[in-house]
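**Student:** If you want the building blocks of each chain, they are given just below.
Protein chains: 2
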Amino acid sequence: MVSKGGLHYWMQSEDFDLAHHFVHVALPKPGRIRELLAMVSRVHCGHLDRAYPLWQMYLIEGLADGRFAVYIKVHHALMDGIAGIRLLMRSMSTNLDTSLTLPPPWEVPTQRSKPRHLPLPSPTSGGLSALRSLAREHVGSVVPVVRELRSNVRDIIRRNPDFVFAGQAPRTIFNQKVSATRRFAAQSYSTPRIKAVAEAYGATANDVVLAMCAGALRRYLLDLGELPKRPLVAAVPVSVRREGSDHANEVSFTFCHLATHLYNPEARLRAINSCMDYNKAHLQRLSPDQSLVCSAFKLLPGALNAVTRLVDNSALANVIISHVPGPRRPLYWQGAKLCGLYPASLVVDSGALNITLISRHDFVDVGLIACRKAVPQVQRLLQYLEDALLELEATIHATVIPN
Amino acid sequence: MVSKGGLHYWMQSEDFDLAHHFVHVALPKPGRIRELLAMVSRVHCGHLDRAYPLWQMYLIEGLADGRFAVYIKVHHALMDGIAGIRLLMRSMSTNLDTSLTLPPPWEVPTQRSKPRHLPLPSPTSGGLSALRSLAREHVGSVVPVVRELRSNVRDIIRRNPDFVFAGQAPRTIFNQKVSATRRFAAQSYSTPRIKAVAEAYGATANDVVLAMCAGALRRYLLDLGELPKRPLVAAVPVSVRREGSDHANEVSFTFCHLATHLYNPEARLRAINSCMDYNKAHLQRLSPDQSLVCSAFKLLPGALNAVTRLVDNSALANVIISHVPGPRRPLYWQGAKLCGLYPASLVVDSGALNITLISRHDFVDVGLIACRKAVPQVQRLLQYLEDALLELEATIHATVIPN
Chain A
6 MVSKGGLHYW MQSEDFDLAH HFVHVALPKP GRIRELLAMV SRVHCGHLDR AYPLWQMYLI
66 EGLADGRFAV YIKVHHALMD GIAGIRLLMR SMSTNLDTSL TLPPPWEVPT QRSKPRHLPL
126 PSPTSGGLSA LRSLAREHVG SVVPVVRELR SNVRDIIRRN PDFVFAGQAP RTIFNQKVSA
186 TRRFAAQSYS TPRIKAVAEA YGATANDVVL AMCAGALRRY LLDLGELPKR PLVAAVPVSV
246 RREGSDHANE VSFTFCHLAT HLYNPEARLR AINSCMDYNK AHLQRLSPDQ SLVCSAFKLL
306 PGALNAVTRL VDNSALANVI ISHVPGPRRP LYWQGAKLCG LYPASLVVDS GALNITLISR
366 HDFVDVGLIA CRKAVPQVQR LLQYLEDALL ELEATIHATV IPN
Chain B
6 MVSKGGLHYW MQSEDFDLAH HFVHVALPKP GRIRELLAMV SRVHCGHLDR AYPLWQMYLI
66 EGLADGRFAV YIKVHHALMD GIAGIRLLMR SMSTNLDTSL TLPPPWEVPT QRSKPRHLPL
126 PSPTSGGLSA LRSLAREHVG SVVPVVRELR SNVRDIIRRN PDFVFAGQAP RTIFNQKVSA
186 TRRFAAQSYS TPRIKAVAEA YGATANDVVL AMCAGALRRY LLDLGELPKR PLVAAVPVSV
246 RREGSDHANE VSFTFCHLAT HLYNPEARLR AINSCMDYNK AHLQRLSPDQ SLVCSAFKLL
306 PGALNAVTRL VDNSALANVI ISHVPGPRRP LYWQGAKLCG LYPASLVVDS GALNITLISR
366 HDFVDVGLIA CRKAVPQVQR LLQYLEDALL ELEATIHATV IPN
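Just so you know, the sequences run in chain order A and B. Sequential numbering of the first sequence, starting at 6, is according to the numbering used here. Sequential numbering of the second sequence, starting at 6, is according to the numbering used here.
Excised from the complex, chain A in its bound form:
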């Protein structure tokens, strides 16, 4: 990626240096998951070198149980999480034998959808005229977006509990300046168990996942004496990606309050379910482009604040919770079965914790990434997520089989 005249462009790299991008490392003894997470925490720190194409792949050997791990670091400027998973899925096979003939992942070309608007401005085309066309493309979005924003204002006046707006989030330890050091924690949770809870309450699996996060975050903050009285707000990325594309970023946002002020896990799940239903109904009224424009409006106060730092104690949201669909069948590469797919996302000032989840057929793989200093002992959340699922299961049994 090069910068010219204030705009950024993609360039073909002339001297490709594979040894910089493909790295072979090993875990120290005893080679437990603990050592693996410590290594990923370390290699996840620091920026990718802008002098090279913005990706690296680590092959990690030395796990005590004979498995190996692969850590892939890709700049968000190249692709979002869904694009990354799609590319990974296309670089693996659902068939063990076929997988033996697969090339390394970096030799699999990305599948680009047709450009939706117009080609990105090239160094030769005038940047200004390109921007003007781009603006013209978005004029059609104005009416529905204004309608949506007007409805938001009505919701604020009526104090609709399902409407969450930017800046409603209470200040927490997650909303502070972050250090440069990261802590990564990861674990898998049973998909069938999550689906069973969802079914029992007429909610979605995503609602249950959010309720698990709510329960875990509530307990984690209680431990530290840091639970705010008002409920935490999660920013929940929503993909507006079309089928077939695994390139670039196509992500909108909704906000969800996590009802962390409520003691009862069932009540938390119901509040989350109701808030997400509201969000979905509003998103369905907008096209992907309109929802992008709309979320830009919603994020505007936060973005302005990030630049001006006028309100130092405002939090756009407390935590980003990103739930991404993963492979629905077992995958293989060169005869090795994929056992887990743990996302390590990014942490920014005032967003010291990110929870990303990938749903596979058998497990939901969770990756927690946090600033090591702002979010101490982040690995505790792994147990608390499991405990939150157990609590929700207990409420079903309490409801279904009253004594």
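It cannot be assumed that every hint is accurate.
[Claimed, not checked] Partner residues are not named here, just some residues of chain B that face chain A (Cβ under 7 Å, in silico):
#1 H26
#2 H29
#3 D54
#4 A201
These are computed hints drawn from the structure, not numbers from a lab. No residue lacks a Cβ here, since even glycine has one placed at the ideal position from N, Cα and C.
We have chain A; now place chain B onto it with these hints.
**Tutor:** Just chain B now, with coordinates in the frame of chain A:
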């Protein structure tokens, strides 16, 4: 280290997190020196996190021959190379048995010499009045420094070949903007062989080491078709540290031309010897403080240029060659013998290669650190250094035993 009112201060860290500073890692198979150097190249990239005390220590296991390696990363704001080596030497023992009772290196306190001038300004003392006192302390240096600088001007007019001034260096591939990725290469060279060459020519071991670097750099640049017609200039740090102190930075500079335009290795050594003798004579006329002030004057044009970027193709020097005295006897820690002590220094814009050498009783340990992109295949220099020593040895035999 915290910043307040534009000045930086040391602070006691309140929540010390050893797991951040002490890191346990392992080499992938086959665990050769090659894998070790690749790992050190990687962990040397990137900044230390300013939210923590500025050091980290890596214990590296998995070397095929059963040895282990320790990589220590310390910010230059904490200590210079000599201070680091002194601290390391005090954390080890010359006695195998005694070494079994030694604490880990981070528990050995630094040995601070008495403050030479006055205590560093504290957040409570007025910064300005402290600066004023510091300036007053340096007034005594004015006369000898002016005398020295006047002599420098005379040398320029008379074209004294032994006088090297800042900016005389030709532009080379080492003098470009650097990437964020580093390459580390390291090897040991026989101290007795180097001393034998020095003795044969009435030069110092340091002159021979510089001549080895000159020969290696000449051949490396010739390979790439990048050898400039004018000789390369090395910036050679000179310690002005007093006995007993192993704290902070106490380093002055001289410049040495490396006579890389000469084909004859003997002629290169004689030119280097003559230039370094000239430098030494001048340094001896100055006190440590005066030499610091003097080197500040010599570096001024380069520093101004770094800020203003007026002259984009000027190079203050082509390469930094730092030669540091190391332990004179074998050292042990917890029963393990120290086999090599390889310095990994720093690389900056327009200084893409740094050569640092530590002289021990039996070997001179060389560490090359380079920008991976600007200085390709830097490990070639390891062989060329050995070849340069062989060439110098051959010239002795040619001189001493004429056929």
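**Student:** If a hint holds in the structure, say so; if it does not, say that too.
**Tutor:** Right, here's what the structure says about each hint:
no., hint, verdict
1, H26, "violated, 11 Å"
2, H29, "holds, 5 Å"
3, D54, "holds, 4 Å"
4, A201, "violated, 38 Å"
Hints 1, 4 from the earlier list are contradicted by this structure; the remaining hints agree with it.
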